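Protein sequence lines correspond, in order, to chains A and B. Here the working numbering is used: the first residue of the first sequence is 2, the next is one more, and so on. Here the working numbering is used: the first residue of the second sequence is 7, the next is one more, and so on.
Derived by calculation from the structure, the hints in this document are not laboratory data. Quick caveat, the model's predicted, so the values are computed rather than measured. Errors might be hidden in some of the hints.
As the list claims (entries may be wrong) - EDC-like mimics (lysine to aspartate or glutamate), calculated; alpha carbons at most 16 Å apart, straight line:
| no. | chain 1 | residue 1 | chain 2 | residue 2 |
| --- | --- | --- | --- | --- |
| 1 | A | Lys157 | A | Glu87 |
| 2 | A | Lys667 | B | Asp38 |
| 3 | A | Lys609 | A | Asp519 |
| 4 | A | Lys127 | A | Glu103 |
| 5 | A | Lys643 | A | Glu674 |
| 6 | A | Lys144 | B | Glu41 |
| 7 | A | Lys595 | A | Glu583 |
| 8 | A | Lys144 | B | Asp39 |
| 9 | A | Lys667 | A | Asp678 |
Claimed, not checked - Chain A residues, not near chain B, derived (Cβ > 12 Å throughout):
| no. | residue |
| --- | --- |
| 10 | Ser96 |
| 11 | Ile116 |
| 12 | Ala119 |
| 13 | Glu126 |
| 14 | Leu192 |
| 15 | Met220 |
| 16 | Val238 |
| 17 | Thr358 |
| 18 | Pro464 |
| 19 | Asn596 |
| 20 | Asp688 |
C-beta atoms are modelled at their ideal positions from N, C-alpha and C, and glycine is treated no differently.
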Amino acid sequence: MSVITKPPRQLEIADDVSNQPAVCAHCGLAVPDSLVDSGSSDQFCCQGCRTAYQLIYECGLQAFYAMAEQSAAASFAGRDSAKRFEHVDTPSFISTFGQTHENGVGEIRFALEGIHCAACVWLIEKLPQILPAVLEARVNWSKRTVDVRWQLADIKLSRVVQTLAELGYYPHPLRAGAQHQQAIVENRRQLIRLAVAGAAAGNNMLIAAALYLGMFQHMAASVEMLLRWSSCLVGLVSLLWPGQVFLRGAIAAIRTRTPHMDLPVALGLSVGGVAGLLHTISGRGEIYFDSLSVLVFLLLLGRWIQYRQQCRAADAIEMLHQLTPHMTRKLVDGEFVETPIDLIDQGDILEVRAGETIPVDGQLQVGDTSVDEAILTGESTPRIIRPGDAVSAGTLNLQDVIRVQALAVGSATRIARIVGLVEQSQRQKPQLVQWADRIGGYFVGIVIVLAVTVLSAWLLVEPSQAVDRAVALLIVACPCALALATPLAISVALGRAAQRRILDKTGTLTQGKMRMVDWIGDERYKPAVAAIEQTSSHPAAVAIHSGLRGEFAGSKDSFLQLSATDVSQSDAGGIRGCVAGEQFLLGSQTFLAKNQIAITDRFHPAAKAMIDKSLTPIFVAVNGQVVAVAAVGDALRPDAKKSVQALQQSGWQVGILSGDQPQIVKNIGAQLEIDPDRCWGGLLPEDKVAIVQRSAQAGTVVMVGDGVNDSAALAAATVGIATHNGAEASLQAAPVYLGQPGLAGVLELIDASRSTMRAIRRNFAASLAYNIIGVGLAAAGWINPLVAAVLMPLSSLTVVSLSLTTRTFSRKRP
Amino acid sequence: MSVLFIALPIALILAGVAIVAFVCSVRGGQFDDLETPPRRILFDDVEKKG
Numbered sequence: 002m003s004v005i006t007k008p009p010r011q012l013e014i015a016d017d018v019s020n021q022p023a024v025c026a027h028c029g030l031a032v033p034d035s036l037v038d039s040g041s042s043d044q045f046c047c048q049g050c051r052t053a054y055q056l057i058y059e060c061g062l063q064a065f066y067a068m069a070e071q072s073a074a075a076s077f078a079g080r081d082s083a084k085r086f087e088h089v090d091t092p093s094f095i096s097t098f099g100q101t102h103e104n105g106v107g108e109i110r111f112a113l114e115g116i117h118c119a120a121c122v123w124l125i126e127k128l129p130q131i132l133p134a135v136l137e138a139r140v141n142w143s144k145r146t147v148d149v150r151w152q153l154a155d156i157k158l159s160r161v162v163q164t165l166a167e168l169g170y171y172p173h174p175l176r177a178g179a180q181h182q183q184a185i186v187e188n189r190r191q192l193i194r195l196a197v198a199g200a201a202a203g204n205n206m207l208i209a210a211a212l213y214l215g216m217f218q219h220m221a222a223s224v225e226m227l228l229r230w231s232s233c234l235v236g237l238v239s240l241l242w243p244g245q246v247f248l249r250g251a252i253a254a255i256r257t258r259t260p261h262m263d264l265p266v267a268l269g270l271s272v273g274g275v276a277g278l279l280h281t282i283s284g285r286g287e288i289y290f291d292s293l294s295v296l297v298f299l300l301l302l303g304r305w306i307q308y309r310q311q312c313r314a315a316d317a318i319e320m321l322h323q324l325t326p327h328m329t330r331k332l333v334d335g336e337f338v339e340t341p342i343d344l345i346d347q348g349d350i351l352e353v354r355a356g357e358t359i360p361v362d363g364q365l366q367v368g369d370t371s372v373d374e375a376i377l378t379g380e381s382t383p384r385i386i387r388p389g390d391a392v393s394a395g396t397l398n399l400q401d402v403i404r405v406q407a408l409a410v411g412s413a414t415r416i417a418r419i420v421g422l423v424e425q426s427q428r429q430k431p432q433l434v435q436w437a438d439r440i441g442g443y444f445v446g447i448v449i450v451l452a453v454t455v456l457s458a459w460l461l462v463e464p465s466q467a468v469d470r471a472v473a474l475l476i477v478a479c480p481c482a483l484a485l486a487t488p489l490a491i492s493v494a495l496g497r498a499a500q501r502r503i504l505d506k507t508g509t510l511t512q513g514k515m516r517m518v519d520w521i522g523d524e525r526y527k528p529a530v531a532a533i534e535q536t537s538s539h540p541a542a543v544a545i546h547s548g549l550r551g552e553f554a555g556s557k558d559s560f561l562q563l564s565a566t567d568v569s570q571s572d573a574g575g576i577r578g579c580v581a582g583e584q585f586l587l588g589s590q591t592f593l594a595k596n597q598i599a600i601t602d603r604f605h606p607a608a609k610a611m612i613d614k615s616l617t618p619i620f621v622a623v624n625g626q627v628v629a630v631a632a633v634g635d636a637l638r639p640d641a642k643k644s645v646q647a648l649q650q651s652g653w654q655v656g657i658l659s660g661d662q663p664q665i666v667k668n669i670g671a672q673l674e675i676d677p678d679r680c681w682g683g684l685l686p687e688d689k690v691a692i693v694q695r696s697a698q699a700g701t702v703v704m705v706g707d708g709v710n711d712s713a714a715l716a717a718a719t720v721g722i723a724t725h726n727g728a729e730a731s732l733q734a735a736p737v738y739l740g741q742p743g744l745a746g747v748l749e750l751i752d753a754s755r756s757t758m759r760a761i762r763r764n765f766a767a768s769l770a771y772n773i774i775g776v777g778l779a780a781a782g783w784i785n786p787l788v789a790a791v792l793m794p795l796s797s798l799t800v801v802s803l804s805l806t807t808r809t810f811s812r813k814r815p
Numbered sequence: 007m008s009v010l011f012i013a014l015p016i017a018l019i020l021a022g023v024a025i026v027a028f029v030c031s032v033r034g035g036q037f038d039d040l041e042t043p044p045r046r047i048l049f050d051d052v053e054k055k056g
C-alpha cells in the first residue's frame, strides 16, 4: 500500500479489463482479479477505497484525485521506505513514548500531520479494519492527535506507523506526559465544580423565590422552616464543594502573605455561611444561602472562562516544543539508525536530509548546505554553511544531506532556552490581574475596618442588632463583581479579537518570504524555467517556481508536461538544465559571467532598477543568450505604507529594527517614508533590546515583531505585539499576538486596547459603586435578604453586560 | 402548601441524581474532547451504505 508508486489513473478501464491490470480508482493499487467488476468503469482494491471514493464523489470533491496525483510525489518523497520506521519497534522507543499493558496491548499517542476534516477522522479511525491487530484508533480532532492501541504480539508498531504515513497522516510521537494527564484532570475538576455550583444556584434561587413570596403572603411557619432548611442544605453543598476553592485560595494567600482576590471573596462566603447556618438553626434572622450560591457559581464561571484562555496558550507552548524533531538518524557502527531525540548524547553524529529540521545544536561535519535560520535570527536569506560551522536546533536544512555532531541536546539548545523564557513569561500573570489582586488585598482591610466600626457603632446604639448588621455588611461587601470584572473584560476582548481574525498569521512590513516580483523579457520561456526551478530547493528557485506556477494556474497542462533534464546546481548561485533540447542557465550575474555569457544592454537598466528596489535579479539564458530577467525579493506588504503613515499621523515615531542588511533596511525605510536615522539594520537580538530600552526612557514604546529572535525586545517594550511568521507558537513572549496581515492590525489594536481598558475601568467603577451602596445600606441597617439577593446578582449582571456591550473591535477596517 | 414537604425533597433528590450523573460522565471522559465526537457520529451510516 504505497501512495508514491502510483501509476497514472485509468478512467476508461471497462472495455479492456482483461488486457490491462485494473487499478483502484481511489488508491491506485492493482485490484485483485477476484474483485474486478467488469460492469463498472471504476475498480476498487478494497471496500474501504470504494467507500472513500463514493464519499468523495458524493461530496463533489473529485478534484481531490487530480490534486493528490500532483502533490503525492512531492510530499512523500523520501518518506516511503519501511526501513525508516524500524526504530519505533525498539523497546526504548515504546517505553519512552507509549506504554505496554500486561495483557499484551500497547498504547501510544501520535500527533498527526494533515488532519483537515471529518473524513480524515473517519479514515484514521478505520485503522483496525486495515490492520486487524490494531484494536483501536481514537482521534482527538482539536489537538490533532490519535491514540492507538494494538496487540504487541500480532503486529509491529512500525507497520502501524507506516500505514498511518501512507494514509497521508504523518505521525510524530508525543510524550503521553504527566502534564497532559494533569490538564485533563484539571479540566474535569473545573467542569464538575461549575456544574455543582450551577445546580445549587438554580435550585436555591427557586427556594428563595418561594421564601420571598412567603414574606408577603404569610406562609405557615412549618413550610418556612422547610424552605429555610432546604436552602441551607443546598447552600452548604455549594459552599463546601465548589466554593472550597476560594477558601483554599484565601488560606494560601494568607500563608504566603500575598494579596489575592480570593481573600475578600472567602471572607464574605465564610461569614455568610456561618451566619446563615446559625440563623437557620435558631429559626430567626436572615439566611444568605441563595445569594452565596449564585455568587459561587458566577465567580467559578468567570474563572472557567479565564482557564480556557490559558489552555489555549498552553497548547501554543506545546507546539513550540514541536519545533525540533522527535526522531533523528544517529551514526551507529557506520550506519545511520533512527533514534528518538531523547537518546542522543553530546558528541553523537547525526544525519539530516535536505528539507529536514536540524534536531540539535552542533557542528557541521560533512556536507555543504544552506540553512534557513529565520526562526532564530529573523534573517530571511538562508545562510550557507561549510564543515566546521555551527548549526542550531530548529533551523531548516535546505539543500544537501549533512552530518552534524551534536554539541547541545534537548533543553540545552538555544531554541529550548528561548522556549523556556517564553514559558516563564507565560506563567506571570497579566499586570491587570496582579493589580486586581492587590486591590483585593486592600479591600479586605477596608471591609474589616468598616465592619468593626459598624459593629461598635451599633453596639452603642442597639446592641441586639450589632452583630447582624456587621455580618450583613461583610456579606454585601463581598466583591463578586470586582473579581469578575477583569477576567471577563479581557476574555471578551480576546474573543472579539479572535472573531476579527486578529489571531491568525502574517509578517510585519514585508511578506517575509522570497517572491517573484517581476519578469522582464521573453514570456515563452516561463514554463521551461518553472520546470527547472522546480527541481531546486534554493529560496530564489522556490520563489520563481511558485510565482510562475501561480501565473499558470489556469492552464496547468502545458506547464506540467515539460520536464527538465540534466539539471545541476552550482555553488556560484545558479542552476543549469535542459528543457526540450534547449540549454538553460538561470542565475545571478556572477553565475552567467562564469559561464561566459554577457548581459546585453537590453537587460542592464532593468537589473539596475531591481537592485535599487532591493530586489535580486535572476537572469535567464537560453543557448548562451540572455532572454529574460526575473526579480526576486521580499516584497513590501501592500498595506504597510498606508499603516505607517496612519501611525505617523497619530503622533507615533516609526522606526525599523532589523537583522537584515542595513542597505536593504534603508531601502525599505525609504519606500515607507521612514526617517533613515531610525532604520537600523544588521542588528542582533541584543541590539534590538538595547534600542528598545533606550527609546523606552523617552516614552511609550510599542514593538511589533515577528518571531523568536524578537522575543526579548518584545518583552522589553512597553507593549510588545507579535505578528505571525513561521514559528506559529513562538509568539507568547509578547503580551499581544497580532495575526491580521501587516500593520493595519496595529492601528486597530491600539484602538481596541484603549476601549478594553475603558471597559475594565468601567467594570471596576460599577462594581465598586454597588459595593459602596451595599455597605452603606448594611451599615445603616436597611439591608434585608431581599435587598441583598437583588443587589448582588445585579452587580454581577451589570459587569457582565458592560463587558459584553463593549465595542472593542467595532472600528471599521480600512 | 403541605405538598411541599413531599415535592421539595423529591426535587432536591432529582437534582442530586442529575449532579451524580454529570459527575460520572465527566469522570468517564465524556467532556474531555467536545469536537471529535460530533464528527464521528456521521461515520457509521456512510460505512453501511458502502
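Original post:
Which hint numbers doesn't this structure obey?
Top reply: Numbers 2, 4, 7, 11, 12, 13, 14, 15, 16 - these are the hints that the structure violates, sorted from lowest upward.
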